[in-house]
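Undergrad: Whenever a hint applies, use it, and build me the whole structure from the sequences.
2 protein chains.
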Amino acid sequence: MAKTIDPYGSKLVEDYQNLIEDFGLDTFDKSSFPNPNRLMRRGVVFGGRDLKRIADCIKNDKPYYALSGIMPTGDEIHLGNKMVVENLKYFQDHGAETIILIADLEAQAARGVSLEEGRKRALNFHIPAYIALGLDPEKTKFYFQSDNKEVIHKAYEFSQKVTLNEFKAVYGNADPGRIMSAVTQIADILYPQFEERMPGVIPVGPDQDPHIRLTRDVVGKMKKEGYVPPSGIYHKYTPSLDGDIKMSKSKPMSCITLPTSPEEACEKIKRAVTGGRDTLEEQKEKGAVIEEDMVFELLKQHLVEDDDELERIYERYSSGDMLSGEIKELACEKMTEFLKNFEERFEKAKRMTDDLDFVEFE
Amino acid sequence: MAKTIDPYGSKLVEDYQNLIEDFGLDTFDKSSFPNPNRLMRRGVVFGGRDLKRIADCIKNDKPYYALSGIMPTGDEIHLGNKMVVENLKYFQDHGAETIILIADLEAQAARGVSLEEGRKRALNFHIPAYIALGLDPEKTKFYFQSDNKEVIHKAYEFSQKVTLNEFKAVYGNADPGRIMSAVTQIADILYPQFEERMPGVIPVGPDQDPHIRLTRDVVGKMKKEGYVPPSGIYHKYTPSLDGDIKMSKSKPMSCITLPTSPEEACEKIKRAVTGGRDTLEEQKEKGAVIEEDMVFELLKQHLVEDDDELERIYERYSSGDMLSGEIKELACEKMTEFLKNFEERFEKAKRMTDDLDFVEFE
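Line by line, the protein sequences give chains A and L. One point on numbering: in my numbering, the residue at position 181 of the first sequence is 188, and numbering is uninterrupted. One point on numbering: in my numbering, the residue at position 103 of the second sequence is 110, and numbering is uninterrupted.
Do not rely on the hints blindly, as some may be mistaken.
Identical copies carry no separate label here, and so any pair may be met within one copy or between two of them.
DSSO-like mimics (lysine-lysine), calculated; alpha carbons at most 27 Å apart, straight line [unchecked claim]:
#1 Lys127 <-> Lys293
#2 Lys146 <-> Lys175
#3 Lys258 <-> Lys275
#4 Lys156 <-> Lys127
#5 Lys168 <-> Lys156
#6 Lys293 <-> Lys59
If you're looking for bench data, these hints aren't it; they were derived computationally from the structure. The structure displayed is predicted, hence computed values, not measured ones.
TA: And the structure:
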């Protein structure tokens, strides 16, 4: 087993090592965090910015926050959201004040979802889904962007600290709507610090890095304000079942979103790209090429919690003792169990949205 | 007397005729408006956009609005603000719903004035000053930008309708802070139409045209929303007492702001550039060159209400019957009277800010 940042390997490792260099991230060091979660243990979490600051808060029991946003468009979430929640939950379980903002202003601006509709979708789907995925509703504060005047007011202030060129450098484009959303995100990310400065960590996939980078730039320009630059923790994308780096709705047969029926998910798993050999003999002799196997990746990232169990699957599959059809069947079973469990928890969570802890604004 | 758009002439006329062409304005036609005010009668109001729409509302007693904003920075206002108020008052007296917004978000973002400070300044100075200049507080609705969530929410929506290139074309630059302010102004300008679409008129100096132009562009792109493109009414700048096109605080000795002491104002008037001749004899023989006379311009724009009186001054001064020293003395007297009157009305207005009609938000 290669000792890369990804202990189980994947052809996509190289891309993430490039990202670490391109973005100027630190390679994630799981030994800094007590009881690392599945994603941390297995190199799915691959990088960070200023994570030592967060590790110190955990170690010394100091206040810090973990924050993420929900864009209330559509009525499904993807496996990347699942990873965000799992990392949020890790920090929540390790002393972080946890804040979830509903980006209803952005959903309205960018996708034409009315604020009323955004609110309804968040309450009826996105928030219950996040709770179903593990977020503790009793330890989480929620707010709607459109309610949070402080965030909006600060967005105006922060907008003065970014030049158009910086903006273009970070985002690639700089349309006015994009700019409005981005400066609001800066304010969202710093919101838990308005009252009292403290470290905070934002779990993201690589595509969300611009927000963290821009926020850190703005903090750097407002030194006398004393904001703590937000830390970022970066997880890999769940690869598309056809082998592309990221699952995407543009290829629906290679993409599993939540909610979905076990039948549909299993159908997609059946068609997934594996590292199985061309013939049964070759497979039995050489074993599967795990690095190219999207089904193993799915088990590793999402479906097998126990490390020993995953290790056994790895051994059997890479040694030729297990066939591609078998690992697909296993993944289908595990996925079915996960989906049923998600469905149950989701229905339960939906019934408790009246009791959520929304930040109160005057 | 030359029959230009400015019946009393001024060397600066040509600049405004160029502006009309450059901006694509209509030359202002005072005959469309009943009982035109001093600025309208004298060509100080020189142009408009879609003013026929407003004239029709007045004629047919249909609902429309007049709107302006106050940026609560500093504790003085300039004579350009005075002209804005006079035009607002004209429309207020002719059936317009009148709205004044306090741009506290912009003052915070662009000038670092905290929202609390901006609110205080607006209530203690800017609003009473506007009332002292003629705005009827009982017929005016006020709001603070920072209170008006609807405006902010719509700003996000409108930001999606402007491209960076349009923005640059209209404003020359496109810094994120400028963009935030500008899209908020679009929402401010359209705010009275959120509930019910209707024409509206914004009195401005030429430098405020970009806001009107951009708002009209956005309205044009949202045809199915049915907003009525806002009309603009354009007044000339009060020229700097040294002869430049615009009074500016960068030349304090040529700039009269409110409040000021009569002594200080008269001292500045004494030093003003006039159209007087080099010698007493020449002056008596040829009369003053009114077109170059900043003191006459001050009387015309601000200090002499009665047209016959102004006409008499014009005749005497241009015929050589009146000397530059005399017109300065006259201007000093009139200015003193105006300033005393302003001071009195201001103090009275300050005592009534508790009774102002602020828009209520949930």
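Undergrad: A separate judgement is required for each hint: does it hold in the structure or not?
TA: A quick look at each hint next to the structure:
no.: 1; hint: Lys127 <-> Lys293; in the structure: neither (53 Å within a copy, 78 Å between copies)
no.: 2; hint: Lys146 <-> Lys175; in the structure: neither (37 Å within a copy, 46 Å between copies)
no.: 3; hint: Lys258 <-> Lys275; in the structure: within (11 Å within a copy, 74 Å between copies)
no.: 4; hint: Lys156 <-> Lys127; in the structure: both (20 Å within a copy, 19 Å between copies)
no.: 5; hint: Lys168 <-> Lys156; in the structure: both (19 Å within a copy, 23 Å between copies)
no.: 6; hint: Lys293 <-> Lys59; in the structure: neither (42 Å within a copy, 84 Å between copies)
Going through the hint list in order, the structure does not satisfy hints 1, 2, 6.
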